[in-house]
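Number of protein chains: 2
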Amino acid sequence: MAESWVPVAPSSDFSLANIPFGIISTSADPTPHAAVAIGAEALDLKMLISQHGLEKTFPGIDGLEGVFSQPTLNAFARLGSGVHRSVRRRLQEILGTAPSSSSLLRDDEELRARALIAQKKVKMHLPMDIGDYTDFYAGYHHAHAVGVMFRGLQNALQPNYSHLPVGYHGRASSIVVSGTPIHRPVGQILLDPAAEPKQPTAGPSRRLDIELELGCFISRPNKMGESVDVNDANPGHIFGYVLLNDWSARDIQTWEYVPLGPFNGKNFATTISPWVVLADALKPFRAKAVDNPTPLQDYLKEQQTDNVFDIDLEVELTTADGGETVISRTSSKHLMWSFPQMIAHHTLGGCPLRTGDLLGSGTISGPGGEGESGSLLEMTHGGKREVLLSGMDARTFLKDGDTITLRGSAGPRGARVGFGECVGRVYTSLRR
Amino acid sequence: MAESWVPVAPSSDFSLANIPFGIISTSADPTPHAAVAIGAEALDLKMLISQHGLEKTFPGIDGLEGVFSQPTLNAFARLGSGVHRSVRRRLQEILGTAPSSSSLLRDDEELRARALIAQKKVKMHLPMDIGDYTDFYAGYHHAHAVGVMFRGLQNALQPNYSHLPVGYHGRASSIVVSGTPIHRPVGQILLDPAAEPKQPTAGPSRRLDIELELGCFISRPNKMGESVDVNDANPGHIFGYVLLNDWSARDIQTWEYVPLGPFNGKNFATTISPWVVLADALKPFRAKAVDNPTPLQDYLKEQQTDNVFDIDLEVELTTADGGETVISRTSSKHLMWSFPQMIAHHTLGGCPLRTGDLLGSGTISGPGGEGESGSLLEMTHGGKREVLLSGMDARTFLKDGDTITLRGSAGPRGARVGFGECVGRVYTSLRR
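So the protein lines, in turn, are chains F and V.
Take the first sequence: its letters are residues 1 to 432, numbered as in the UniProt record's numbering.
Take the second sequence: its letters are residues 1 to 432, numbered as in the UniProt record's numbering.
To be clear, the hints were calculated from the coordinates, so they are not data collected in a lab.
A few of these clues could be false.
To be verified - Simulated restraints, written as ranges between beta carbons of each label pair:
1) V/Gln304 - F/Pro181: 32 to 38 Å
2) V/His381 - F/Pro295: 32 to 38 Å
3) F/Pro10 - V/Pro159: 53 to 59 Å
4) F/Arg112 - V/Glu226: 41 to 47 Å
5) V/Asp107 - F/Pro71: 44 to 50 Å
6) F/Ala320 - V/Thr294: 46 to 52 Å
7) F/Pro295 - V/Pro159: 35 to 41 Å
Said to hold, decoys possible - In silico lysine-lysine, BS3-like type, Cα no more than 30 Å apart, as pairs:
8) V/Lys399 - F/Lys120
9) F/Lys120 - F/Lys223
10) V/Lys288 - F/Lys121
11) V/Lys333 - F/Lys198
12) V/Lys384 - V/Lys399
13) F/Lys198 - F/Lys123
Here a beta-carbon is modelled for each residue, glycine too, at the ideal position from N, C-alpha and C.
This is chain F alone, in the form it adopts within the complex:
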């Protein structure tokens, strides 16, 4: 991969090999519109096109009229993977130093000053208009560890787990972009879960947790009543990926979740990273999923077997006084189901997935125990052991003022493909 003439730090997630898409607003143009990330800069696509016109900026690519001026990436996503690929390649020409590269931006100092804006100076917005959000449970080691805690070793994984990607409908209205403050939810909880009869109280969650996940955005929709073939799902129906923190109030969840699943324990907030990494950019990092010895139904059989990604993931906890501790390191390869399998299963009965719909992978934990866990629930064995932090601090669950930062990237230094940060700080509102 060639280099970019824009300075890219070796540790940057946003090398020329990445080119993720996001929605920004700037002091010069406060209406949300599209950009890509390169190094520590955002390239304002609306600005670039307004200067050179669509035909000169993206020659030969149809359907882009007005697309990058919109407040979400939905119109772009809908154009399908062929267009995404062409646009990304063209941006690599514009931003690259290869002999074939374009001088459109590089040699225009005035345009560079206007179109290349430091990421820390732009405001990021939710990249997509998300119609429906579905959260799966494909992280095998997480599902097993939590299953043991909630239902005992005998029933840790339900009989259906290895036959289908278990998932449930999440809440779209509370999905927020990285940086949005996270309000500690009030809910019904059992202070003494063992007491009979069970007597809940209403109060702030005492067991506020995180879930480290990968999120996947749908590009082309399927019609109601028609299913998506597992081998057509990628790249046919996948736009790209983000990091996702499925904040979870364990005490609320434990009391409410039978028989219809998680509700208020989850629907108060879900944070996603702002830059959508395109399916193409993650292709070099494909890996084999967690082995599933169960014979699959035909509709879940993939021709391609390296169907998940080996992306290094980490979770950092920053306390109110600034102490930073990476509390988990793992990889997104620890899934037993791929996103194409999730899509095939989700649409098997004819459920329509629309452009912009979001699928969560489920919490990703490694096989190695606490230091590879995607949730505090696992790290602390259900709140029984503390996670030690720098500065002699410790946690079972999150305190007010704690900040959680998820990071994920793959590839060698200088040519990394990553998500940037997915950040949320916990607070308790005084106003109820």
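Mind docking chain V on chain F? Use the hints.
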């Protein structure tokens, strides 16, 4: 209540006491826009306003600019209950024969011919842009009966049931308006549920069922992190009501639903009736909910105790050869939780409800057994007994070609307030 000069059959759901809102398109104006129902006619509000102007049609009511030309009722809903009340009252003046009534439409033959269109000649659309759909489980007799079937008498109702309105996030993308054909879903099912190890197959659902529910649309949103007080929810946050058929594939549901709740067993289709009956129109039919002896948390305590509605509901099954049988008659009063309680609980942790969001009550069944059940699952005791139909036909679950029609209305003949029909016909697609 005065009468309308538009002919209203005594059995019509759409008397002058109702005035429900919907989205229509017509041969003269094929762009979806707003209307109200009166008798067997639809009054085209866009047409009425284009003739007389907003100030003459709705004098003194602010915020209506362009609202009735939109393809959904969201903008109208967002204006809040004060505006909904004023608009409905003004339409009762325009359509009524009282001395105070307006001659705006009645005395203008040419306008009447264009603005009053037979309902059977208009196409109805989904009335709202539905961001999120939440389905509750507030029908006490249903929850108990199904709980016995799924988990035995001992665990029929989970300990949380009487402490909070149990609910789960549904699928918004597959909500369709009455009349839309319903595709029988394919899914993973256990042909022999007792066999060990459990071995699913993939095929069309053999246990396709209905659920008779009331749906409630949100008007004013709450901010993320802020809860709605149970006593402010109605009319502060409620726009109006529809009938809702939560089609359910019981065999798919049984296998998939642990531990995260219903998914493909539900997300293939949900049908709603097209006319939104405003909160004000149902006010005269308030009734006491099913008694709940459990002491409630403060946030669920309502000042008003007649917090559900006594609306007569019925379910009709029409076979492919035209035989019609009413298989259930019950009332919407058989709920243990009111919509204000559902809203208070849903937002307790700060989950934002947006304008147009839909809440389902959960299946409504009466206490009297089969003939009052809101699902075939209950009527047939889990598929063990047949429901007899006219013409010596019988069903356990739905066959292809079957049509289900839900109806609901309250009040005396000639002044009825009802929903019209909520219809869906089942078919199996040859194309997979």
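Do the hints match the structure? See the list:
About 35 Å separates the C-beta atoms of V/Gln304 and F/Pro181, a value consistent with the hinted range of 32 to 38 Å. Taking 32 to 38 Å as the suggested C-beta distance range, the pair V/His381 and F/Pro295 conforms, at roughly 34 Å. At about 56 Å, the CB distance of F/Pro10 to V/Pro159 agrees with the hint of 53 to 59 Å. The hinted range of 41 to 47 Å is satisfied by F/Arg112 and V/Glu226, whose Cβ atoms lie roughly 43 Å apart.
A beta carbon spacing of about 47 Å between V/Asp107 and F/Pro71 agrees with the range 44 to 50 Å that was offered as a hint. At roughly 39 Å, the beta-carbon separation of F/Ala320 and V/Thr294 lies outside the given 46 to 52 Å, and the hint is violated. Our hint of 35 to 41 Å for F/Pro295 and V/Pro159 holds, since their Cβ atoms are close to 38 Å apart. The hinted pair formed by V/Lys399 and F/Lys120 fails the criterion: a straight-line CA distance of about 60 Å is larger than 30 Å.
Using a Cα cut-off of 30 Å, the hinted pair F/Lys120 and F/Lys223 is violated, with the two alpha carbons roughly 40 Å apart. Taking the CA atoms of V/Lys288 and F/Lys121, the gap is about 57 Å. The hint is violated against a cut of 30 Å. Straight-line distance between C-alpha atoms of V/Lys333 and F/Lys198 comes to about 28 Å, which keeps the hinted pair within the 30 Å bound. The hinted pair formed by V/Lys384 and V/Lys399 meets the criterion: a straight-line CA distance of about 16 Å does not exceed 30 Å.
Annotation: proposed proximity of F/Lys198 to F/Lys123 is violated, straight-line Cα distance about 47 Å (limit 30 Å).
Hint check: violations occur at hints 6, 8, 9, 10 and 13; the rest are consistent with the structure.
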